[in-house]
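Residue numbers (the working numbering), protein chains in the order written: chain C, 2 to 115; chain F, 97 to 211.
One thing to keep in mind: the hints can contain errors.
Claimed, not checked - Think about it this way: if two alpha-carbon atoms lie no more than 27 Å apart in a straight line, the pair counts; the simulated BS3-like pairs of lysine-lysine are:
{"#": "1", "chain 1": "C", "residue 1": "Lys57", "chain 2": "C", "residue 2": "Lys78"}
{"#": "2", "chain 1": "F", "residue 1": "Lys138", "chain 2": "C", "residue 2": "Lys53"}
{"#": "3", "chain 1": "F", "residue 1": "Lys174", "chain 2": "F", "residue 2": "Lys153"}
{"#": "4", "chain 1": "F", "residue 1": "Lys138", "chain 2": "C", "residue 2": "Lys78"}
{"#": "5", "chain 1": "F", "residue 1": "Lys138", "chain 2": "C", "residue 2": "Lys69"}
{"#": "6", "chain 1": "F", "residue 1": "Lys138", "chain 2": "C", "residue 2": "Lys57"}
{"#": "7", "chain 1": "F", "residue 1": "Lys153", "chain 2": "C", "residue 2": "Lys53"}
{"#": "8", "chain 1": "F", "residue 1": "Lys174", "chain 2": "C", "residue 2": "Lys114"}
{"#": "9", "chain 1": "F", "residue 1": "Lys138", "chain 2": "C", "residue 2": "Lys61"}
{"#": "10", "chain 1": "C", "residue 1": "Lys53", "chain 2": "C", "residue 2": "Lys114"}
{"#": "11", "chain 1": "C", "residue 1": "Lys78", "chain 2": "C", "residue 2": "Lys53"}
To be verified - Residues of chain C placed beyond 12 Å of chain F at every Cβ, according to the derived structure:
{"#": "12", "residue": "Glu17"}
{"#": "13", "residue": "Phe19"}
{"#": "14", "residue": "Leu34"}
{"#": "15", "residue": "Lys50"}
{"#": "16", "residue": "Lys53"}
{"#": "17", "residue": "Gly62"}
{"#": "18", "residue": "Thr71"}
{"#": "19", "residue": "Lys78"}
{"#": "20", "residue": "Gly79"}
{"#": "21", "residue": "Gln82"}
{"#": "22", "residue": "Leu103"}
{"#": "23", "residue": "Leu111"}
{"#": "24", "residue": "Lys114"}
Keep in mind the hints are simulated off the structure, nothing from the lab.
Cβ atoms here follow ideal geometry from the backbone N, Cα and C, with glycine treated the same way.
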Amino acid sequence: GNSVTQMEGPVTLSEEAFLTINCTYTATGYPSLFWYVQYPGEGLQLLLKATKADDKGSNKGFEATYRKETTSFHLEKGSVQVSDSAVYFCALSDLGNAGNMLTFGGGTRLMVKP
Amino acid sequence: EPEVTQTPSHQVTQMGQEVILRCVPISNHLYFYWYRQILGQKVEFLVSFYNNEISEKSEIFDDQFSVERPDGSNFTLKIRSTKLEDSAMYFCASSLSGRALDEQFFGPGTRLTVL
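From just these sequences and the hints, can you work out the full model?
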């Protein structure tokens, strides 16, 4: 079956540091890949996505590239801010008989200190 | 900006009791989903719903679970006889279509505690 593995947290960084959160996946088909973010007390929000190999998703300074050869979708940001503190989830889509279901990684908590 | 809402934010119940978790998806969306996250574990897919019927369900979604769209706006998840292991955060989501690349919009979740 499908699965997503991401690095365990928490990840603690100082403001303006470089961020990488690793994500690798196993899929039987050709999935779309997503990063969702969950701020404290809120639901999951889509951060970025990529739908085919070598696509780069980007949003709010975050980037991730769909690497089919390494089955990876690592999240990066060049300079994190305190407001980026949240839990980040890597996910892939899995089309069933009808409709879409998401398979999530375990989540990585990011804490950014001023 | 339209959003998915869920009520209640926290539900406490006794083992064996029935609970109904409520969700109001985004109004023009056609696909609806429930996910759950047991504390410290992954977010897991439970069920997807389209055109007033279940389109996919996971092995977690057994006979104790049911979903319904009782009117034009609400989408509910019922657990008939709760168990301790049902304690989790339950997330509702909706999407405009069921395509793999379409964003699913999530609600803030309902924390269910079974005592």
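Comparing the hints with the structure gives:
no.: 1; hint: C:Lys57 x C:Lys78; result: 13 Å, holds
no.: 2; hint: F:Lys138 x C:Lys53; result: 24 Å, holds
no.: 3; hint: F:Lys174 x F:Lys153; result: 14 Å, holds
no.: 4; hint: F:Lys138 x C:Lys78; result: 24 Å, holds
no.: 5; hint: F:Lys138 x C:Lys69; result: 23 Å, holds
no.: 6; hint: F:Lys138 x C:Lys57; result: 25 Å, holds
no.: 7; hint: F:Lys153 x C:Lys53; result: 26 Å, holds
no.: 8; hint: F:Lys174 x C:Lys114; result: 41 Å, violated
no.: 9; hint: F:Lys138 x C:Lys61; result: 25 Å, holds
no.: 10; hint: C:Lys53 x C:Lys114; result: 35 Å, violated
no.: 11; hint: C:Lys78 x C:Lys53; result: 21 Å, holds
no.: 12; hint: Glu17; result: 30 Å, holds
no.: 13; hint: Phe19; result: 26 Å, holds
no.: 14; hint: Leu34; result: 10 Å, violated
no.: 15; hint: Lys50; result: 7 Å, violated
no.: 16; hint: Lys53; result: 9 Å, violated
no.: 17; hint: Gly62; result: 19 Å, holds
no.: 18; hint: Thr71; result: 21 Å, holds
no.: 19; hint: Lys78; result: 20 Å, holds
no.: 20; hint: Gly79; result: 25 Å, holds
no.: 21; hint: Gln82; result: 22 Å, holds
no.: 22; hint: Leu103; result: 6 Å, violated
no.: 23; hint: Leu111; result: 17 Å, holds
no.: 24; hint: Lys114; result: 24 Å, holds
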